[in-house]
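Enquirer: Chain by chain, the residues run as shown.
Protein chains: 2
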Amino acid sequence: MALIVHKYGGTSMGSTERIRNVAKRVAKWARAGHQMVVVPSAMSGETNRLLGLAKELSPAQQTPAMLRELDMIACTGEQVSVGLLSLALQAEGMDAISYNGWQVPVKTDSSYTKARIQSIDDARVRADLAAGKVVVITGFQGIDEDHNVTTLGRGGSDTSAVAIAAALKAAECLIYTDVDGVYTTDPRVVPEARRLHTVSFEEMLEMASLGSKVLQIRSVEFAGKYRVPLRVLSSFTPWDINIDEEAKSGTLITFEEDEKMEQAVVSGIAFNRDEAKVTVMGVPDKPGIAYQILGDVAEANIDVDVIIQNVSHDGKTDFSFTVHRNDFQRTMDLLKNKVAPATGAATVLGDPKICKVSIVGIGMRSHVGVASKMFRTLSEEGINIQMITTSEIKTSVVIDEKYMELAVRALHKAFDLDADNSPVAENMS
Amino acid sequence: MALIVHKYGGTSMGSTERIRNVAKRVAKWARAGHQMVVVPSAMSGETNRLLGLAKELSPAQQTPAMLRELDMIACTGEQVSVGLLSLALQAEGMDAISYNGWQVPVKTDSSYTKARIQSIDDARVRADLAAGKVVVITGFQGIDEDHNVTTLGRGGSDTSAVAIAAALKAAECLIYTDVDGVYTTDPRVVPEARRLHTVSFEEMLEMASLGSKVLQIRSVEFAGKYRVPLRVLSSFTPWDINIDEEAKSGTLITFEEDEKMEQAVVSGIAFNRDEAKVTVMGVPDKPGIAYQILGDVAEANIDVDVIIQNVSHDGKTDFSFTVHRNDFQRTMDLLKNKVAPATGAATVLGDPKICKVSIVGIGMRSHVGVASKMFRTLSEEGINIQMITTSEIKTSVVIDEKYMELAVRALHKAFDLDADNSPVAENMS
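Residue numbers (our numbering), protein chains in the order written: chain L, 1 to 429; chain B, 1 to 429.
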């Protein structure tokens, strides 16, 4: 007997048959006495189809006016989904009603294609829930103060669901997806990878941003900020699975430090092979140099991940960072033709064939020697470390991409993540 | 230098290539100095695709809650169209902006799937036009007072365009469609059919409802009520056709009686072979009998077209009407099992193999003998007339469907519509 938010991804909504299964699952929860709010994504492939049409007409799409139209077009996929899911729920005998973001309303800023949620009015939804209705709300969409339609960016439906759960003070937000939870690492790389029963939201933040792409990173931030209990679970279990069993499945993202005290030092191994590294060699070590280099990069709309600058020699330093591999050539051109001449840098080096491997764990905070164990493990496998960055709960290294699988498997084993009877994880089924 | 509304049908919006042509045509009008508002339909096939998905999930679709969801789903096709057309206009260098019905807003009642427009706020659109923008507004859509999305029913985009033109006091509303105007009759039946340069809106009403399905009937009513000059023209002329030539093409629907005084007595021949006739024989001729029969029919959601009741004999009368052929069997069952027992009718007869042929012309008002000429023409062709109804500007007969083409051709010739050099019409090109 609680207020529960369910979020279903595009695959779960991929056909009328699947939508019918979503409706049956939601109806099961409603019949168990819960107040239900459902946030479905667009049917899989739909957003890409719509943006493909847009791209044919407007290959550039840079001005705010163009981005406004992209949002107008893209958000229709979610609108179709809420209508179809409401019809399916009604066919199940539920009193269901759908809303667009603007009807709730979910208010955002005006940053088309990547808007941020500012506030959610819960009055209309609460009234419907009190009247016994199942409320189906579009993910991804919002409305700005001038009544323009906005979207939250790709994967924004996760954030919508968490934000709605926060506004309604929901007991739990369940994210149904095509994986059955958060794993210690990618099971395709390490068959021994195990599903975590719980993971702290800080760990989840690091895992998500580092490549375990289960949840949109902003949704986790949102959940952390508003302390929304968030569960990732599979939408491929039969809809009529026992509800108590279902309610405990997947991975729960928690906010309680003390729950985690017994946990392993390292919770998971994340990795990312979509990056490339670039280094500006021999730039004068003076105030403003980092901004001088990265300002131009940011202006060219190139996202930067890892940034490393070590101590200088003879008033010169080397400045390294990683970018998405698709941006590698553009970044190199920019650095060679603009940044190097302007800063007086000696050389620009780059390598697109790298990967980033990270160990993540809230337990690292209080355990010394975790990083050194990581470096020793890699050394024993003969893997050279090119770059190192650390934060409180993760340590990342950049290595040659050909060693990625080897590094991930070795680290997974070294930090005992393969173990059969960990208190917090179980074998993959 | 005028405020002009363009409306483009689904075929004109059927692909990105066609949308690009629409944008070029609109840009041409804008560059000629006109303030432009454009109302596009959904891409052809899109509304049917969406409603097909809905039907898979909800075969019934009768309750207001279900109809609300249908509108939520169906109206997305128009939203995609306005976004795509705006992008295409921007690619042409225009400053274009799109709006959904709810953003204007176009306020309607809450009759989902067949809402009626109640008011249109022109402030936002006027401000955009004053700022030099091309404004692209969804057809078909509205919003009710509780901020629910509504649609105006199939073909409602014509009505949206005319209503928006009325609200903005546009100089002219141009309906671009896949025919190049209104014809004296269907050219597929009578190759000699000619395009009318002008037609009165009363004639257009009769033509539209009788089967010359060029425009949604409600849009013509709206145009008549608010005196919006309405032009039907082809979207298949090259987009770069001379604008003065284009502005005079197609058929103009007029409201000025005196302009029509020189016109032919009969403007066109309409026909419809989708109907079936039913007769309830020998019902008591007493007050309330018509309601007793048709009340049950209306309650079963069966639309009735022609209704005929002649004088009675011996206190009994025969009551005939026509329904859509798809409703024929359902109507017969209803009459036999429910209406006949309740009213004491002797028999129920029906025939689905009929058609309706009508002559339409505002000139009929002041010319006697038009109906008799019609009957004589049919008689000379050996065609038996089964039912007759008349109004001020049309005379309709119901005949055996096998004579339809023969009747239409004979009438087209008899009323001189074939003539080569009529002052108001030209040969089909």
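FYI, nobody ran anything at the bench for these hints, they're computed from the structure. Any given hint could turn out to be false.
Identical chains blur together in the list; that is why a pair holds if it fits in one copy or across any two.
[Claimed, not checked] Taking lysine to any residue pairs in the SDA-like style, the calculated list, with each CA pair at most 20 Å apart, reads:
{"no.": "1", "residue 1": "Lys-114", "residue 2": "Leu-252"}
{"no.": "2", "residue 1": "Lys-55", "residue 2": "Ser-15"}
{"no.": "3", "residue 1": "Lys-169", "residue 2": "Phe-236"}
{"no.": "4", "residue 1": "Lys-353", "residue 2": "Ala-127"}
{"no.": "5", "residue 1": "Lys-107", "residue 2": "Asp-146"}
Quick caveat, the model's predicted, so the values are computed rather than measured.
Enquirer: Going back to the hint list, which numbers does this structure go against?
Expert: When the structure is compared with the hints, numbers 1, 3, 4 turn out to be violated.
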